[in-house]
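Hints in hand, dock the two standalone chains.
These protein sequence lines are chains A and B, in that order. Using the working numbering, you'd call the opening residue of the first sequence number 26 and step up by one each time. Using the working numbering, you'd call the opening residue of the second sequence number 3 and step up by one each time.
One thing to keep in mind: the hints can contain errors.
[Unchecked claim] With a straight-line cut-off of 27 Å between C-alpha atoms, the simulated DSSO-like cross-links for lysine-lysine are:
1) Lys-345/B to Lys-213/B
2) Lys-409/B to Lys-40/B
3) Lys-47/B to Lys-49/A
4) Lys-137/B to Lys-65/A
5) Lys-65/A to Lys-47/B
6) Lys-95/A to Lys-368/B
7) Lys-141/A to Lys-136/B
8) Lys-55/A to Lys-403/B
9) Lys-164/B to Lys-65/A
10) Lys-156/B to Lys-266/B
11) Lys-156/B to Lys-28/A
12) Lys-409/B to Lys-28/A
13) Lys-406/B to Lys-28/A
14) Lys-154/B to Lys-49/A
15) Lys-99/A to Lys-368/B
Hint data in this document are derived by calculation from the structure and do not stem from the laboratory. None of these values were measured; they are calculated from a predicted model.
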Amino acid sequence: MEKIHLEFDVDGRNFVSAGTATAKVKACLKEMGINPDDVKRVAIAMYEGEINMVIHANGGKALVDIYVDKVVVKLIDTGKGIADINLAMKPGYSTASDDIRQLGFGAGMGLPNMKKHSDECIVESEVGKGTTVTLITNLH
Amino acid sequence: MDRLKSLHTVMLNSERCKGCVTCMKRCPTQAIRVRNGKASVIYDKCIGCGECVRLCPHQAKIASYDKFEVINDFKYKIALPAPSLYGQFNNLKDVNYVLTGLKRLGFDEVFEVGRGAELCSHATQVLLNKEVIKKPVISTACPAVLELVYAKYKNLKDNLLKLLAPVDVAAKLAREGAIEKGIPEEDIGVFFISPCPAKVFALKAGIGVKKPLVDGVLAISEVYMKLLPEMKKIEEPEKLSKMGVLGLNWAASSGEAIGAGRPKYLAADGIENVIDILNSIEDGSLSDVDFIELNACISGCVGGVLNVENPFVARARLRGLRSKFPQTANTLTDVGKSFDYYKWEEEPDYTSKSKPVEDRQQVFNKMLEIQNLYSTLPQSDCGLCGAPSCRAFCEDIVNGKIPKDSKCLMLDR
Numbered sequence: 026m027e028k029i030h031l032e033f034d035v036d037g038r039n040f041v042s043a044g045t046a047t048a049k050v051k052a053c054l055k056e057m058g059i060n061p062d063d064v065k066r067v068a069i070a071m072y073e074g075e076i077n078m079v080i081h082a083n084g085g086k087a088l089v090d091i092y093v094d095k096v097v098v099k100l101i102d103t104g105k106g107i108a109d110i111n112l113a114m115k116p117g118y119s120t121a122s123d124d125i126r127q128l129g130f131g132a133g134m135g136l137p138n139m140k141k142h143s144d145e146c147i148v149e150s151e152v153g154k155g156t157t158v159t160l161i162t163n164l165h
Numbered sequence: 003m004d005r006l007k008s009l010h011t012v013m014l015n016s017e018r019c020k021g022c023v024t025c026m027k028r029c030p031t032q033a034i035r036v037r038n039g040k041a042s043v044i045y046d047k048c049i050g051c052g053e054c055v056r057l058c059p060h061q062a063k064i065a066s067y068d069k070f071e072v073i074n075d076f077k078y079k080i081a082l083p084a085p086s087l088y089g090q091f092n093n094l095k096d097v098n099y100v101l102t103g104l105k106r107l108g109f110d111e112v113f114e115v116g117r118g119a120e121l122c123s124h125a126t127q128v129l130l131n132k133e134v135i136k137k138p139v140i141s142t143a144c145p146a147v148l149e150l151v152y153a154k155y156k157n158l159k160d161n162l163l164k165l166l167a168p169v170d171v172a173a174k175l176a177r178e179g180a181i182e183k184g185i186p187e188e189d190i191g192v193f194f195i196s197p198c199p200a201k202v203f204a205l206k207a208g209i210g211v212k213k214p215l216v217d218g219v220l221a222i223s224e225v226y227m228k229l230l231p232e233m234k235k236i237e238e239p240e241k242l243s244k245m246g247v248l249g250l251n252w253a254a255s256s257g258e259a260i261g262a263g264r265p266k267y268l269a270a271d272g273i274e275n276v277i278d279i280l281n282s283i284e285d286g287s288l289s290d291v292d293f294i295e296l297n298a299c300i301s302g303c304v305g306g307v308l309n310v311e312n313p314f315v316a317r318a319r320l321r322g323l324r325s326k327f328p329q330t331a332n333t334l335t336d337v338g339k340s341f342d343y344y345k346w347e348e349e350p351d352y353t354s355k356s357k358p359v360e361d362r363q364q365v366f367n368k369m370l371e372i373q374n375l376y377s378t379l380p381q382s383d384c385g386l387c388g389a390p391s392c393r394a395f396c397e398d399i400v401n402g403k404i405p406k407d408s409k410c411l412m413l414d415r
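Pulled out of the complex, with its shape left as it was, chain B reads as follows (with noise of 0.2 Å):
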């Protein structure tokens, strides 16, 4: 999957990068190395989960997504909002201001992620009450996660909700819908605002699906910045907002989980929770649950690290919103499409980020070896030689990434 290779999740300023071993010791899959004093990421092992751009004191990690002049490529521009978009604005009386401003920016059309998200809920309902899934059930729509359990936990697969995410929903029948309208295929531009870069690459790659749904994904922080000036200038907005609390909902945590009309349910956040949720599920510990809603980001989408405002704000501001909208205003029915539609169209495929499979009997030995130079270390981790650890110092000796004769600068002291 070549497609895979030339997209990278995150990037480094090196100007601003110090060389600090913040983000190497924080990311979550060890994916960070500091080499000649810059942080550098192993792309192979990233999930793209946006800590070390949340975490970086300098503000060297920049998250990666498309400029908002790509959509001036297509004749027909479609926005989809991410739900957690509206969580941005202070005092925001009604949400069709903001979809009223991205008309005004440029867009033809605005279809809210949300709409997806509820018909997903109600597909996810339908799912587990008749198709027989291995419980519990793990949500697919954060793709760090997603991409986590395929790199670390693969025997949980048979747990997977092999759904598509609201925005992959949201894509396809917005496409659809315009096509519906007569508008020429070659001419629309489907542009997700994004809240995390995890969704950028997802999207990009085309995860569970035949080929990408989008154009292009613009990150919510910049269509913010075009959008708050706009938004002041409207005096009646349009009334194009389409969706229901239950959509509203997934902009934070545990708002999938409601949707799938569990009682039984689980929501974490925040990659650490997650990771010990998974090695939970992996003990068999977690079996009075059966259906888990993972996050990646504290709080949720809306912890995202392309949001303006502080999670719980967003969060907050959330919360006050919804009076303003019916209950649900998105089902199943109403769309009319089969079930498949809602379905992975194909298993996701990360092949070019896997590893070379190898013996038992390597693995064992590659191990030992491991084991013996870490023995000889001081196990301190403090992460002077430039890896997160004293043992990913020694994996990195043993698989041949760094020169045998690296020293532990500790050691030589």
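Bound-form chain A, shown alone (with noise of 0.2 Å):
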């Protein structure tokens, strides 16, 4: 089927710039002229995996292909893996440090609430090798 095709590199360490690969396929999204909501729930799953890679991997990459009727995102990193797949599924369990807890993040809703913005999220992991995150999020 054919598709867009977009990518972009996610920069670790920099929660200001997280979100940036969001707001393009958001962008992207509005001209096709999906419904407002469908978008938003595609920037909120995006936003939470982008914000994921910045805390736990150190960056990472963002496939994005939009189909005429849905629209696959995939989070790629080589961070440290998760060990334990359904304790991270659990809302309020995270692994993240103090610091980033500081900042107003960590506070274990990631990955609940990307499940929760998308119509199939799957989380493929490894410890020590990275994690991928597919979020499939239908256009209605």
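Below, the structure is given as structure tokens:
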């Protein structure tokens, strides 16, 4: 199926610039005339993913495929990986450091929010190698 | 709406235009292209913010407004000075010098737009207290912001403050007052003295109203040049000013927001900041404010390109004038009109500017084509091709605005 493919580098350690990739995807969906609720869902889920990569993995890549009826966001990092994915999916569970928490991040809502605001959320991870989160959102 | 088509807010002096890309690169809606070595405005995309007029290093961009002489087409002339006019004069002791000066220039009556502003503030308070309206509420007094929302942020329409702008209210009251005095309607000419070209467009197109409320829109810069010598001759000015600090404050950013009486407000000025804030509202990340004032110009209306003074200087002067005004001089009860008097008479209509509606598949195909083309370009956004960015160049090709075989000069290098 035909798709619009976008690729972004997510800069690690930089909370201020986190979200730039999301903003570009949002603009693209808006231009397509996608309804605001769907745009918001994609934006929230992807933003959480970007932030996670900044907090836990020193950045990574965001690959986005926009189809006429769905958006597939792949967030790929080569960070430390997630030891227990089931635990990581629990709201409130976080391995973020105190420094990060003091900045208002690391509340343990990242992955749960990604799941909540997408139609499919696939987390693949290997400790020491990295994590790939795939978010699929259907467009109405 | 045919009346919109003939209205252009900025014109080009072709001789002065060097074809540099300054205006094109900075236009917030990418409404400028350089064609055959000259900057040309795509009026369907232009929101009249005046940035290109402000930025042009060669003064080739000219904001449109009516020549002062149009007032002579009417027997009874009413001037509506914007509050920002008061910030243009050095060492102004009393604003009545300005108003008396206007009368000496040929106006039979002056009606300060600041009076309309005070009424708009009160109407806003009433609306926010009584009616259920989507928060955060976005101000609509800046016509460039209003048009930007209609062009690019349609899903924020419900957040708009659906009230007339101060100049609309002032124009209605001034005209009705003259009619009550027994002056024949056809003899009355009402003229706004404007700080910006966006107001020229909005008033002439009659945005938010059934038919245009003013007979002409003059530029502060032109009126200033005529006023200055006239004011010097005044020994004792007439007591004409009837507004308060509340109205005066509307000349600069945050004045309207303070007047709305909401403690949790945000006031942003400068078109790039405005765009940032609109994006944040869309993202739902501004949940802790309930009133948002947006002005396209830095510092608000004192930053409009038809002013003569630097916005920060003008703002400082207005601050100095505050002690000479009462706090508020105009209230809804004084005027005695129903609340509907202050509401939009109709939904703002920019229809002649809107694009034909395409279905999602059509839009998607176009975007795919644009993206594929874009990936072959250097993405340096140099502007040499005459488009503000590589992406805009691709859009122009795909939308058939320029020939399919148009070349990127950087690629051929």
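Hints, one by one, checked against the model:
1. Note on Lys-345/B and Lys-213/B: the hinted pairing holds, with a Cα-Cα distance of about 14 Å set against a maximum of 27 Å.
2. Our distance criterion of 27 Å between C-alpha atoms is met by Lys-409/B and Lys-40/B, whose separation comes to about 18 Å.
3. As the CA atoms of Lys-47/B and Lys-49/A are separated by approximately 21 Å, the hinted pair is consistent with the 27 Å bound.
4. With a C-alpha separation of about 17 Å, the suggested pair Lys-137/B and Lys-65/A falls inside the 27 Å cut-off, and the hint holds.
5. Between Lys-65/A and Lys-47/B, the direct Cα distance comes to roughly 25 Å. Compliance with the 27 Å bound is thereby established for this hinted pair.
6. A hinted pair counts as satisfied when its Cα atoms are at most 27 Å apart, and Lys-95/A with Lys-368/B qualifies at roughly 17 Å.
7. At most 27 Å may separate the alpha-carbon atoms for a hinted pair to count; Lys-141/A and Lys-136/B meet this at roughly 25 Å.
8. Among the hinted pairs, Lys-55/A with Lys-403/B is consistent with the structure: their alpha-carbon atoms are about 22 Å apart, no more than 27 Å.
9. A C-alpha spacing of about 25 Å is found between Lys-164/B and Lys-65/A, which places the hinted pair at or below 27 Å, so the restraint holds.
10. With a CA separation close to 24 Å, the supplied pair Lys-156/B and Lys-266/B stays within the 27 Å bound.
11. Distance check on the hinted pair: Lys-156/B and Lys-28/A sit about 26 Å apart at the alpha-carbon level, within 27 Å; holds.
12. Between Lys-409/B and Lys-28/A the alpha-carbon distance is near 25 Å, which keeps this suggested pair within the 27 Å criterion.
13. About 22 Å separates the Cα atoms of Lys-406/B and Lys-28/A, which keeps this hinted pair within 27 Å; it holds.
14. Between Lys-154/B and Lys-49/A the CA atoms are separated by roughly 15 Å; this keeps the pair inside 27 Å, and the hint holds.
15. A hinted pair counts as satisfied when its Cα atoms are at most 27 Å apart, and Lys-99/A with Lys-368/B qualifies at roughly 24 Å.
Hint compliance for this structure: every hint is met.
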